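Q: Construct the entire structure; sequences and hints are all you get.
Those protein sequence lines, which keep their order, are chains V and A. Mapping of the first sequence onto my numbering: position 107 corresponds to residue 107, and the numbering continues sequentially without gaps. Mapping of the second sequence onto my numbering: position 85 corresponds to residue 85, and the numbering continues sequentially without gaps.
None of these hints come from the bench; they were simulated from the model. Being a predicted model, the structure only gives us computed values, none of them experimental. Some hints here could point you the wrong way.
Some chain V residues judged to face chain A by a derived CB distance under 10 Å, without partners named [stated by the list, open to error]:
no.: 1; residue: L7
no.: 2; residue: K27
no.: 3; residue: F70
no.: 4; residue: T88
no.: 5; residue: T116
no.: 6; residue: G126
no.: 7; residue: E127
no.: 8; residue: M129
no.: 9; residue: G133
no.: 10; residue: R144
Note that beta-carbon positions come from the ideal geometry of N, C-alpha and C, so glycine has one too.
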Amino acid sequence: MSATAQLSDAAKRKIDRELTKYPADQKQSAVMSALAIAQDEHGWLPNELMEDVARYLGMPSVAVYEVATFYNMYNLKPMGKHKITVCTNLPCALSGGVDAAEYLKQRLGVGWKEMTADGRFTIVEGECMGACGDAPVLIVNNKRMCSFMSQDKLDQLIEELK
Amino acid sequence: MAMIDYGPDALILKGLDGNNWRLKDYESRAGYQALKKILKDGIKPEDVIAEVKKSALRGRGGAGFPTGLKWSFMPRAFPGAKYLVCNSDEGEPGTFKDRDIIRYNPHILIEGMIIAGYAMGIPVGYNYIHGEIWADYERFEEALDEARAAGYLGKNILGSDFSFELHAHHGYGAYICGEETALLESLEGKKGQPRFKPPFPASFGLYGKPTTINNTETFAAVPYILREGGDAFLNLGKPNNGGTKIFSISGHVARPGNYEINMGTPFAKLLELAGGMRGGKKIKGVIPGGSSMPVIKGDIMMTLDMDYDSIAKAGSMLGSGAVIVMDETTCMVKAAERLAYFYYEESCGQCTPCREGTGWLYRIINRIEHGNGRQEDLDLLLNLADQIQGRTICALGDAAAMPTRAFVKTYREEFEYHVAHKRCMVGPGGYSTPAQHESLAMAAE
Ligand SMILES: Cc1cc2nc3c(=O)[nH]c(=O)nc-3n(C[C@H](O)[C@H](O)[C@H](O)COP(=O)(O)O)c2cc1C
Ligand code: SF4
Ligand code: FES
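A: Structure, rendered in structure tokens:
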């Protein structure tokens, strides 16, 4: 992770595409996608990266910071290479969501929000992901949802995510 | 590809196999015919709204507000920008129906929104999709591209003088953005903190302009209503409760999943569609409309019908149609604790009764669950619920208070047992034995 985290040109092009969705005087509407794009590239959101987003969208940096701290899927500190968010809310818990989370914690030897010593994983407790019929469910790095996560499937996933 | 079994009454989710979501597939299921008919026959916008009123379609996002009436609030002649917003934030624990619409039948939602835009004279729409279902958000964008390329979206749709643009916007992990004014704040690129109402979105919505917001399933019901007529939709359900409704069943049933049934179908029938109770266990309690709604005892639930009015009569609400089923092995204190934690975690912190009250609710239930409760705690919980409900900017406060009150009142002896014996009545585990449920082999897997 570089000390000077900045939006790449590729990231800026993606943000430009998002900007076409909103009225020209409402660039701020693209801030959530801009932060997600920035985070995808960098893994998390250091202050200077948020400032770059603010500059690019013509917003005060404090407004960007407010958004980044309000929404749970933004990473405000470094994460393992794979952030695994497990849903433990009631509907999932009734179908093994908590069991899956406990199994993961044990296998990886970490608690919630902790990173494994090799930097590969951070596991995070999640709230309802709108997929309760598929419990246990988890999301890898905010993008990939995995369903019906039995212990076998959890083992496979950990193997796969080097 | 095998069809996904959403039940015999399915209409929005009919004929889907997980892969036939593209434009050409939708067109072969009579897709976009309602829109074509409206534009070709020059059906007047006010007649479209009249048809929706006749259908008795009620909002599927939670509150059950009559959709046609909501549409008539939009000042159609207002000059300048107006917006249409679809609420696909779907964060209410237990709810997972909008996701199946978006990933397996996205064009039905797009067609519904175009028709809504036409009916209310709105030129631009957004679909706000929660960030947790990223692949489905991307699929929706692909579907939008298809609709644009085919001339269903954009300028002069199908050669008419009606133009409508539609975009997808994603959330990033905040339940409160499902509340419609928080969602608008979020769309404007801010923290998702609910606004004071009034003014209502119909007069001061997105970017301060008149805005109509509906849930995904609400829009998805619209093409059928315009194609087959409001009466046809109404007659599927009951007076004042028109049409079909998608119920998301989770918890201790053999086949959790979405089932689309006619409004007013007995709960017992729905449970049967879901394969009955997992492992043949006894039903203990059901939350009939998403985690914010009061829990109902299992034996009472077995006598109820699934429509807004029947569930309301029994003291709960149909809400979003998320049915959470709990069997005899469930510890109701633990269940209440997990839900209280959720509301505490998701409170946006703007109003004191909600910010402080949700924390209190959670901590008190937590100490009861862990054997440190006091007998007075039960009344304290009920008192707190009364202090929160009705005293906040948005309904999240109520959403925390109502289930807590219902859990304490319905299962009071279980809470008392925890306090008196410092342990659980139902034995270890609390939620269930580890899940061995028959998983629905969803086509997308
Ligand atoms: C805390 C809270 C969360 C909500 N979450 C959702 C949601 O995820 N999806 C939804 O459609 N409506 C949700 N609603 C209801 C919306 O505010 C709004 O009533 C609804 O989107 C209107 O659409 P409808 O009339 O089609 O139901 C929520 C309300 C509250 C108070
Ligand atoms: S009730 Fe709770 S969530 Fe709603 S505005 Fe107040 S503090 Fe925020
Ligand atoms: S409770 Fe886990 S996805 Fe809904």
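Q: Of the hints given before, which are not true for this structure?
A: Those not satisfied are hints 1 and 5.
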